[in-house]
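Asker: Top to bottom, those sequences are chains A and B. Okay, so the first sequence: first residue is 0 according to numbering that gives the first Met the number 0, each after it adds one. Okay, so the second sequence: first residue is 0 according to numbering that gives the first Met the number 0, each after it adds one.
Don't read these hints as lab results, they were simulated from the structure. Worth double-checking, as some hints may not be accurate.
[As the list claims (entries may be wrong)] Straight-line distance between alpha carbons at most 30 Å, and here's what the computed BS3-like set of lysine-lysine pairs gives: (1) Lys39(A) - Lys81(A); (2) Lys115(A) - Lys131(B); (3) Lys403(B) - Lys118(A).
[Said to hold, decoys possible] Output of the computed footprint for chain B on chain A, the stretches with three or more beta carbons under 8 Å from beta carbons of chain B: (4) 102-116; (5) 130-144.
Treat the numbers as computed from the prediction; the structure is a model and nothing was measured. Glycine included, each C-beta is placed from N, C-alpha and C at the ideal position.
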Amino acid sequence: MKHLLGLEGMPAATLTRLLDVAETYTGVGVGDQPKRDDLKGRVVVNLFYEPSTRTRMSFGLAARRLGADVLDFSPSGSSTAKGESFIDTAKNIEAMGIDIVVVRHSSPGAPHMLAKYLKPHVRVINAGDGAHEHPTQALLDIFTIRQRLGRIEGLTVGLIGDIMHSRVARSNIHGLTTLGAKVIVCGPTTLVPSEVERWGVEVAHRLDDVLPRCDVLNLLRVQFERQRSGLFPSIREYRLLFGVDSDRMRKTKPNVLILAPGPINRGVEISPEVADGPRSAILDQVTHGLAVRMAVLSELSRST
Amino acid sequence: MTHPLHLRNGRVIDPKQNLDAITDLWLAEGRIAGIGPRPAQLRGDVKTLDCTGLIVAPGLIDMHVHLREPGREEDETIATGTAAAVAGGITSVACMPNTEPAIDTRAAAEFVIHQAERAGYCNVFPIGAVTKNREGKELAELGGLVEGGAVAFTDDGAPVYSAEIMRRALEYCKMFNKAILVHAEILELTQGGVMNEGFVSMQLGLRGMPAVAEDIMIYRDIVLAEMTGGKCHILHVSTAGGVELIRQGRQRAEALRTAGRPSFWISGEACPHHFILTDECLRSFDSNFKMSPPLRTEADRLAVLEGLKDDTLTVLATDHAPHAPEKKERELDQAPNGILGLETFLPLCISYLIEPGHLSWPRMLAKMTCNPADVLGIDRGTLLPGRPADVTVIDPKVKWTIDKNASQSKSRNTPFHGWDVTGRAVATIVGGEIKMSRLG
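Extracted from the complex, chain A is given alone in its bound form (with noise of 0.2 Å):
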């Protein structure tokens, strides 16, 4: 694997084998665990487009604790402020030697761009590229959903929520239907894309009646301003009709999985009684990002 661009089309043994070095990760650097030198000497840049807490800094500590020296880009501040373009500011952080872009931009195709453009010992992860794809977000739900559960292949996992807009859900569904899982995306009709059946997951709206066949809920946020462009009426009905509450939870299997991406709306998408709950998971995500982002640095660090 030369770069990490997306999960669609990743065949099934890369997938598992990238989830079974990220549980060799696990805790390292953490407290007196050493760290360790996969990335000695490699530099990582972090060109991140767009807003982001835990994913850049998720990014930046794994490929710290594997011994890299980490560049952070953002735009505020910066030459794209003066107008020089993406591919430009790419070329020139690529010229003072860097080995890994981490790269998040509000256009998809965005790494794919700086894989064409970059030179070819460099390499591309890509952190969300628009609404295409965000594989290190999948990698880490499917990696927490295998260590609380023991498998993903026959699990019925729901993505709930704004699928349309949604990179999370996209990576998401390729990476759990190439592993097995069956999966339900929920959401409001203007939110759920047309033809996304084909690729081989089951489309519901009526989240009371999803609820129960779930092993694992995914709560994709709502981007307020999905609402003000006329995608759905209301906070409040939004809430009403996909919220996950305590009530909704009396609804689910005893001992389902919540994740959730992140950042969430509380009192929103999901209750802070289920946020905080025992069924949550979603602290251990974050814990997990980084094991899996170390797995993918180093992996693709070691290919040639």
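Given chain A, put chain B in place with the hints provided.
Answerer: For chain B alone, coordinates are given in the frame of chain A:
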């Protein structure tokens, strides 16, 4: 003073005259002098071009070209665009008014013609804006534009948004017998769109533009043409729905004519990219596959092809839309719409219409010569004696590879770079002068 020209022993095809024969064509004093034996009135030295094995056609007309001048000379100028036209075998272009400023006055139209004459490559027929500054609010001085040489009207790049203004434009232009050229797009359905809306856009997470955004406005403008008795031509038809609406509209117009009742004009055009490529191409995230209307599905592609075959779509045109690399080679959702077309027009049409047997040579050439001339009401596109000596000589069999770096255009935004194609123009004659020759 140029010599009279003798194009010897070519396959002379003039769809306007139903002519398709191995014969000779004679040009003199900038006009078609005759077909067949040497015309008696032709005296003195004659330059002979051996056209054996070649096709001799009326000079090709591309009625949908963005020359960018004035205002965006970094993308193209009238000189570079017309140089690209003659390199592609095109003797006349009609250029779109979405320049800066827009071609919305007589002076602006005259400027375009003047620059074209100064460049000296091919004929340029300006198309005027329908509304002042293409803002869609008030009609431009259409009569003045006609005086200045405008051959049709459009706000292309954008639709004429108000149905009321569209109605009045169709009515007003009946005075001049000029067509309104329609860029059909319901903007609120395409806002922020990057590509066709469908499975591929869903998969790529790209904002889609649904086919109905085009269909709705095509329907609106056909019924407005019907109501007003105006002349309406739909540009760059890309959807199966749009083709069917035009097919039905043409049937109604024909029925009215047959019944001896007042009728209306409705015609449609197809661009090569819409009958060759589909939205699957966007998987590359290459902005050279981004244009408006966008590449659609395979079903739409086949419907456009069918529309060309049954003469629902009577015109082939390029929508040549140059953009400088620094603008076009960008993230897909930030790159502008459009691709080059002039130099790839003929070879793509030969390779994807003639070679697979979809159209005969005379039928394809009609869509590049007399049919666009009829939409624009210009005296070109035929080899009738006395008409301007615009001729394209075509090698129908030569195999070659498209190279964007060999283009005469200022820009390089073609998705067809590196494609192997069949056929190309080997000589372009404008007004009796050889403007381009690849003949030995």
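Asker: Taking the hints in turn, state whether each one holds.
Answerer: Going down the list of hints, with the structure as the test:
Proposed proximity of Lys39(A) and Lys81(A) is contradicted: the alpha carbons are some 34 Å apart, above 30 Å. Note on Lys115(A) and Lys131(B): the hinted pairing is violated, with a Cα-Cα distance of about 43 Å set against a maximum of 30 Å. Using a Cα cut-off of 30 Å, the hinted pair Lys403(B) and Lys118(A) holds, with the two alpha carbons roughly 23 Å apart. For a cut-off of 8 Å, the count of residues in the stretch 102-116 of chain A with a CB near a CB of chain B stands at 8, and the three-residue condition holds.
Interface restraint, the stretch 130-144 of chain A with chain B: holds (3 residues with C-beta to C-beta distance below 8 Å; minimum three).
Violated hints for the displayed structure, listed by number in ascending order: 1 and 2.
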